[in-house]
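Undergrad: Sequence:
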Amino acid sequence: MPRLGNIAAQLLTCFATLIATLYWVDPQVVVEPTALLPALNTVFLALTPLFIVFISTRLFLAVGRLPMLMLGCGMLALGAGGAVCGWFIGGHDGPNTTVTIYNSGALLSGLLLLASAVAPLLGLKDIPRRLRLRLVLLGYLGVAAVSGGIVVAAVTDLAAPFIVQGVGATSTGKAVLATAIAFYAATAALCTKQYLDSRVELLRWYSTGLALFATGLTGVLLQKSVGSPIGWAGRTAQYTGGVCILVGVLTFWKTIISTGRPIAEAFGEVSRKRISELEQMNAQLKAMMQEQSIILENAPVAIFKIADRKQIWINRKAEELFQYSKQEMEFQTTRKLYPSDEAYDLLAQEAYPVLAQGVPFETEQDLIRKDGGRLRVRYIGKAIDPPDLSKGTLWLLEDVTERRQLELKLVESESKFRSLVMNAPFLVTNVDREGNIGFINRCSEGFDPEKVIGTSSYDYLEGESKEIYRAALKSTFERQTPQRIIVSGVGDNGSTRWFETVLGPLVTDGRMDSAIQVTIDITERKLAEMALENARDELERQVAARTESLTAANARLRAEVEERMRAEEQILEHQNKMEALTQELSLTEERERERIAGELHDQVGQHLILVKLKLQWLANELGSEKEIAVAEEIDKLLSQSIQDIRSLTFQLRPPILANAGLGAAIKWLAEELRENYGLNFELVDDHTPPALRYEVRSSIFQAVREILLNVVKHSQCSLARIRLGSDGECMLIEIADNGTGFDPAEAAAKKSRTGGFGLFNLRRKIEYLGGEFRIETELGVGTRVNIAIPQDPVGSGQG
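Residue numbers for the sequence shown follow my numbering, beginning at 160 and rising by one.
The set of hints was computed from the structure by calculation and includes no laboratory data. Keep in mind it's a predicted model, so treat the numbers as computed, not measured. Ideal Cβ positions, reconstructed from N, Cα and C, are used throughout, including at glycine. It cannot be assumed that every hint is accurate.
[Claimed, not checked] In the BS3-like style, the derived pairs of lysine-lysine whose C-alpha atoms are separated by at most 27 angstroms in a straight line are: (1) 464 / 383; (2) 541 / 529; (3) 575 / 485; (4) 795 / 771; (5) 550 / 568; (6) 469 / 485; (7) 495 / 550; (8) 541 / 469; (9) 575 / 550; (10) 464 / 550; (11) 826 / 771; (12) 485 / 495; (13) 685 / 625; (14) 541 / 485; (15) 413 / 476; (16) 476 / 352; (17) 383 / 469; (18) 785 / 773; (19) 633 / 685; (20) 495 / 464; (21) 413 / 464; (22) 795 / 773; (23) 464 / 476; (24) 383 / 413; (25) 529 / 495; (26) 284 / 333; (27) 464 / 541; (28) 610 / 575; (29) 476 / 529; (30) 383 / 333; (31) 469 / 495; (32) 575 / 541; (33) 485 / 413; (34) 495 / 541; (35) 413 / 284; (36) 469 / 575; (37) 625 / 610.
[Stated by the list, open to error] Estimated spans, in silico, between C-beta atoms of each pair: (38) 720 / 755: 46 to 52 angstroms; (39) 195 / 287: 43 to 49 angstroms; (40) 458 / 356: 17 to 23 angstroms.
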């Protein structure tokens, strides 16, 4: 199928030629069977675009590329106009209605297709999946609405006439068609450029189809009557364009389906594969171009292409070497580079017979630069086609002027180096593998250089230094790397001295036959190092002794710390026990208060009441006024005693707490505080009686009382809220005010000035009962206290 793409140029040429010929001949024939145009439009301009709409919609919903939606909208506009317009051809003013509907639809389609081609150039991101279906419905309904408006305007004569039969298109019709043709042509040009950049087969068919649509609309623009031959030629071109676009879309769709993957994955895979192929082709082409550019233009030697002794091409190095520009040298004879005609002719006589045999020619010769300076140049030439030298020869020219100068300088440098070595303040010798001395620049005092040459280096070393030197010399020859050693040997006048010696390889033509050794007398430095070593040993000894002392002290300190930590743990344990005992004593106190209150009420109180009754009976039996006065005084004392016992009993064991429960007691307490201090309270009680012992209820009551007294004294609030409830496992109490708040850290460190619990003791009291005590406060906002007590508190048991 891709081979059919090669007929694009032929199709465009064929239809353009046909339309131009019919326009020039202008046959006065009109052929417009009533049923033919609707049938053809339905097949080529309705079904074909609608099938493309289906595929482009599937692709857009899968990958979210906006150009695909624009393509679908454009094809829908074209298909809608093509499907509807043909059915009006046989009606009143049918040709004009048909042309108006179709040409307006073509204008809308061209605009949308141009937008689909421009969208990729804007770098738009893919549409999110959640918006795709909405955009499809919005776009297609919009196209349908506009197309419907066009049909209504054409049928009801609201639109201006587009064509007059026998005369041709009106100005309105020409403007609409010309704009549509421009849109289709611009879209075809953009798609062609994109195809040349990406080589995607879909774009070739698509651009061909759009170009055929533009050509066909041109034929429609030039027709004088609907149904004329030139009009039919334009229609045929558009039908063919629709088929081309369909072929491109089907080719791309087949590629997507053949992967066997979901559309989104397949689209990404096909796109990545094509991009990878293009990138690989571009990379290969770019690499080839760069390679040629590097070889030809940036070669380190001058390159000439010579034909008939004229310079056809030179590289940048040739320009730099001879100081001529390419314009000055290319297609010019090489004569000006030679110092004389003889030298110019001699090269030709020697070189070209050799080059004709296919053998490279090599020589050295002096040449002339533009400024007149001489260069020593080394030639290497090769014929492009040895049998036919007219095709040219390639020459590589290397400037060896500096090399020649360096050779002369090397001789001078060797002389200077020898003088430097001979006068160096250190010993320089040359030795072979056995350590025999072949050269020496100077000797210590008491030695003759002439007698030293030929002797062994070992003769001047002492003790272990001989083995050290032997190993270094062997390593120098085996590894061919420098070795540094420190040895002792014979110095001035036979004295023992320390020397630092560096042995280095002397390699000639890849072979090492000798080594050079540079020796410096370091006796003073060695003696200083030995003294420093002794001092370091002494320092290390002192440090070791000090470290041992510090280690012992550290061990003693660690033992003391551990002993202190154990003591602190015992103190903490004792404190915990004392605290638990204190809390238990508090509960015991509550139980004892309850027992004493019960005995005062049930025994002492009852006995006193019985005594008062008997006293009243006895007073009735007395006759003396004095006796009656004494009885009444005793009765008053008894009444006061009974009242005191009742008051003491209430303080020890409030009846409302013991009988009515904790909620009623707290309500009573709130009422008392309202009467005494004028503070408003709100109490919310869910009336769920918790199963708590009396001493626990009393402890909770005392805690609530302490908190409410703190609210009255310190919060400066206008309202306090008390909430009593239960979650099935715990009793929950919440006390909140709208006062000034406080700093919990500061308040926890204090005890209540009224002799109450204090925040810390309150917390420990509640926690001992297995409960939770939590305070939330903020300065200027207020305070909230939350208490949770389990129905079977861990510290509430008897005994």
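Undergrad: Run every hint past the structure and note whether it holds.
TA: Each hint, compared with the structure:
| no. | hint | verdict |
| --- | --- | --- |
| 1 | 464 / 383 | 65 angstroms, violated |
| 2 | 541 / 529 | 25 angstroms, holds |
| 3 | 575 / 485 | 44 angstroms, violated |
| 4 | 795 / 771 | 9 angstroms, holds |
| 5 | 550 / 568 | 43 angstroms, violated |
| 6 | 469 / 485 | 13 angstroms, holds |
| 7 | 495 / 550 | 22 angstroms, holds |
| 8 | 541 / 469 | 15 angstroms, holds |
| 9 | 575 / 550 | 53 angstroms, violated |
| 10 | 464 / 550 | 10 angstroms, holds |
| 11 | 826 / 771 | 35 angstroms, violated |
| 12 | 485 / 495 | 14 angstroms, holds |
| 13 | 685 / 625 | 18 angstroms, holds |
| 14 | 541 / 485 | 22 angstroms, holds |
| 15 | 413 / 476 | 55 angstroms, violated |
| 16 | 476 / 352 | 39 angstroms, violated |
| 17 | 383 / 469 | 66 angstroms, violated |
| 18 | 785 / 773 | 18 angstroms, holds |
| 19 | 633 / 685 | 25 angstroms, holds |
| 20 | 495 / 464 | 16 angstroms, holds |
| 21 | 413 / 464 | 53 angstroms, violated |
| 22 | 795 / 773 | 14 angstroms, holds |
| 23 | 464 / 476 | 13 angstroms, holds |
| 24 | 383 / 413 | 42 angstroms, violated |
| 25 | 529 / 495 | 9 angstroms, holds |
| 26 | 284 / 333 | 37 angstroms, violated |
| 27 | 464 / 541 | 10 angstroms, holds |
| 28 | 610 / 575 | 25 angstroms, holds |
| 29 | 476 / 529 | 14 angstroms, holds |
| 30 | 383 / 333 | 12 angstroms, holds |
| 31 | 469 / 495 | 11 angstroms, holds |
| 32 | 575 / 541 | 43 angstroms, violated |
| 33 | 485 / 413 | 55 angstroms, violated |
| 34 | 495 / 541 | 22 angstroms, holds |
| 35 | 413 / 284 | 25 angstroms, holds |
| 36 | 469 / 575 | 47 angstroms, violated |
| 37 | 625 / 610 | 21 angstroms, holds |
| 38 | 720 / 755: 46 to 52 angstroms | 51 angstroms, holds |
| 39 | 195 / 287: 43 to 49 angstroms | 46 angstroms, holds |
| 40 | 458 / 356: 17 to 23 angstroms | 33 angstroms, violated |
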